[in-house]
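Under the numbering used here, the first residue of the sequence shown is numbered 343, with each subsequent residue one higher.
In case anyone wonders, no lab produced these hints; they're calculated from the structure. Treat the hints with caution; some may be incorrect.
Derived Cβ-Cβ restraints for the label pairs, each shown as a range [as the list claims (entries may be wrong)]: (1) 512 to 449: 32 to 42 Å; (2) 452 to 357: 44 to 54 Å; (3) 405 to 345: 30 to 40 Å; (4) 521 to 459: 39 to 49 Å; (5) 390 to 549: 24 to 34 Å.
Keep in mind that this is a model prediction, so the values were computed, not measured. Each residue gets a CB set at the ideal place from its N, CA and C atoms; glycine is no exception.
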Amino acid sequence: MSPKKIRILCVDDHPIVRDGIAYALLQQSDMELVGEATNGNEAIEAFRKYRPDVTLMDLQMPGMNGIEATAEIRKEFPQARIVILTTYSGDIQASRALKLGAVGYLLKGMLRTELIDTIRQAYAGQRHIPMQIASEIANHYSADRLSERETQVLREVAAGSSNKIVADKLFITEDTVKGHMKSILAKLQANDRTHAVMIAIKRGFIEG
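Let's have the full structure, built from the sequences with the hints guiding it.
The structure is reproduced here in structure tokens:
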């Protein structure tokens, strides 16, 4: 009788990434790819259908993203083992995913051997967080978080909106926007608006 294989669901909107993962799993005698999905909504349906042992979940996808899908799946299936797969090393995204119960966090540039090791560790009930991610989380652990309103303001600024346009869109005064920007610059230790946007994208407060 052949040993039980680790059943894996791959969620990513890029066919090349899914193909690469499928090929890597084919080389492993103890793993099998049971399903694929291209966004968060499909991921939830696929999880219900296949009940995989380990789910590889991309973060940035159209429609429902990986963080939201992880939250939904874990709410319905608390024992789900989800490994986040992303191109972003931001500490905010990683912290959110891990708080939601993700058991691993992998950068797409680390694929193949690290991917296979992480899947086996997740299946065994262990967490795997690469040193690079762990160090990002540790470096910013005590740093001030942006409030929801500050994040909204910065998202508008990142889209190129002036203070007046931001104020009009969010139904607040221009002085309030300036106050929020002052707070954002201080919290992110940024030199100016552009620098603040760059830091916020890198850390995962907003999407690039």
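May I ask you to test the hint 30 to 40 Å on the CB atoms belonging to residue 405 and residue 345?
37 Å, holds
Range hint 44 to 54 Å (beta carbons of residue 452 and residue 357) holds or violated
20 Å, violated
Between residue 390 and residue 549, is the Cβ distance one that fits in 24 to 34 Å?
27 Å, holds
Can you tell me whether the CB distance of residue 521 to residue 459 sits inside 39 to 49 Å?
47 Å, holds
Cβ distance range 32 to 42 Å for residue 512 and residue 449, holds or violated:
33 Å, holds
The earlier numbered hint that this structure contradicts is number 2, and it is the only one.
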